[in-house]
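Single-letter residue listing:
Protein chains: 2
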Amino acid sequence: MERIPILKMGEFLVVTIQVDMHDQLAKSLQDDLTNHITETQARGVLIDISSLDIVDSFIGRILGNIAKMSQVLDAQTVVVGMQPAVAITLVELGLSLTGIRTALNVEKGMALLRESLKATAGGNADGYARM
Amino acid sequence: MERIPILKMGEFLVVTIQVDMHDQLAKSLQDDLTNHITETQARGVLIDISSLDIVDSFIGRILGNIAKMSQVLDAQTVVVGMQPAVAITLVELGLSLTGIRTALNVEKGMALLRESLKATAGGNADGYARM
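So the sequences go chain by chain: A and B.
If you're matching positions, the first sequence starts at 1 in full-length UniProt numbering and goes up one per residue.
If you're matching positions, the second sequence starts at 1 in full-length UniProt numbering and goes up one per residue.
Fair warning: there could be bad hints in the mix.
As the list makes no split between identical chains, a pair holds if one copy fits it or if it spans any two.
[What the hints assert, rightly or not] Here are the simulated DSSO-like pairs of lysine-lysine, each with C-alpha atoms no more than 30 Å apart in a straight line:
1) Lys27 <-> Lys68
2) Lys68 <-> Lys118
3) Lys8 <-> Lys118
4) Lys8 <-> Lys108
5) Lys8 <-> Lys27
6) Lys27 <-> Lys108
I should point out that these hints are in silico values taken from the structure, not numbers from a laboratory.
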């Protein structure tokens, strides 16, 4: 069965979405990611969408769901590599990726995750996830 | 046009191959990778093939070509995430990935690249690529 690979880099997981997401693939990605987060105790998830020419409401909802699921498991999500045309279309269509943080590329996304981890470690040292 | 995204992580480039490689896609990946290596001055290339169920002679040759091209540009290549079944089939078919270094996963591949960089820096400090 087709699956999107999840790469572990230090305490972060990296996913590059290259193929058209259909229902089943999106569901298996959500399942795989939540399993990976618990298994590897990852603190952040980076999703690269640089090869997507279109981000419609379906993909937007999937990204939002992943971000929410990760947050419940105490991991931050950052979406990186959005093409300029995709950003324009998103705004023109009135689709706002609410609750999803973005960064220009993987390196900036990693930096964002590291900073938010530091902030969390300072203000929330009791280990509970913020909901 | 369909393209395989190339992620920059520090001084390494990371590519995850998820789709069936046809001639044109393989060629554009080779072009993109060599361009990225020169632009970013990357010292290593990590290719994740964990989502490939089959590695035939065509893909084997592409991986070999990428490794050779990278080496000319002074970057090491490591292929990671090969499925056990793929390794079995490769040996049974008599296909040996000559000239391609492999590692179990991305983290081990990164460690391998870092070590080989250190070794290169020690024994080859004049900056010339080894051919």
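### Message
Within, between, both or neither: how does the pair Lys27, Lys68 come out at a Cα-Cα threshold of 30 Å?
### Response
within (14 Å within a copy, 38 Å between copies)
### Query
Is the C-alpha distance from Lys68 to Lys118 at most 30 Å within one copy, between copies, in both cases, or in neither?
For Lys68 and Lys118, only the intra-copy Cα distance (20 Å) is at most 30 Å; the inter-copy one is 41 Å.
### Query
For the identical chains here, do Lys27 and Lys108 meet the 30 Å Cα criterion within one copy, between copies, both, or neither?
both (28 Å within a copy, 29 Å between copies)
### Intra- versus inter-copy proximity for Lys108 and Lys8 (alpha-carbon distance at most 30 Å)
both (17 Å within a copy, 10 Å between copies)
### Query
How would you label the pair Lys8, Lys118 (within, between, both, or neither) given a Cα cut-off of 30 Å?
Intra 20 Å, inter 23 Å, cutoff 30 Å: intra and inter.
### Query
Given identical chains, is Lys8 near Lys27, meaning Cα to Cα at most 30 Å, within a copy, between copies, both, or neither?
both (20 Å within a copy, 28 Å between copies)
Consistency note: the structure conflicts with none of the earlier hints.
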